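Residue numbers for the sequence shown follow the numbering used here, so the first one is 20 and each next one is one higher.
Just so you know, these hints were derived from the structure itself, not from any lab.
Bear in mind that the values here come from a model prediction, so they are computed numbers and not experimental data.
We treat Cβ as the ideally placed atom computed from N, Cα and C, and that holds for glycine.
No false leads were mixed into what you were given.
Beta-carbon label-pair distances, calculated as ranges:
hint, residue 1, residue 2, range
1, D23, H47, 16 to 22 angstroms
2, V157, S128, 21 to 27 angstroms
3, G54, L149, 33 to 39 angstroms
4, A178, E58, 17 to 23 angstroms
5, R203, Q83, 32 to 38 angstroms
6, A210, H47, 17 to 23 angstroms
7, A76, T161, 35 to 41 angstroms
8, R196, P117, 25 to 31 angstroms
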Amino acid sequence: MIPDPRVAFVIPAWNEAACLPATLQALHDACRAVGVDSEIVVVDDGSTDDTAACAIAGGARVLQVAHRQIAATRNAGAAASTAPLLVFVDADTQVDAPLLRAALDALASGAVGGGCRVALEGPRPWPLRLAVRLVGLVFRYTGIAPGCFLFCTRETFDAVGGFDTTLFAGEDVALSRALAGVGRFVILREAVQTSGRKLAHASTWTQLRLLWRFARQGTRMLRSRDALALWYGGPEGRAPR
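With the hints as extra help, turn the sequences into a complete structure.
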């Protein structure tokens, strides 16, 4: 049993006014159904749209930062929150009650953290769905949680140093491995719904080129924003983080 089951939801955001209302409403609905007290921190990383206003209207607290780096943005949100349980959620991701309940049950049973399966929202081309399914299977069987839904205790998060701020992508993989190194890390059977828009907005060529560069350079390419247009903007990539 968790002595203090309060949950802090941390949502990194860059120009997310279109997505936030549904994400925040889903969190409120899930918390109400499960009966858990929560706080929601939206970390607005230099947005130029109405992200902050939408977050406040949706019952979240807004933290303004200027990192343009996802790991640092997530860490800032964790530091600004107070609850002993942390759930990192992407701005285009909707959490339901069964998933939240399963995550809390896992922590109550002694897990230090975990993640879940991913389901794409709405109709998507079959190659994209197949790619997401294959990546999901790899993540599941290697014990890696996707960053769109990653939960842990604050104590363990602090003990491993949080997200690795030398990484501009793959910070979720690094944290999953760090947490698994100090305790039981679980991948739930329940799924979270997310948009998959980063892949949907990039051409197949862009995605293949990114995979080729990663195969050649390994994690070195994750330490520079310049190589990651799919996440941070560029000719064929938007920057939702």
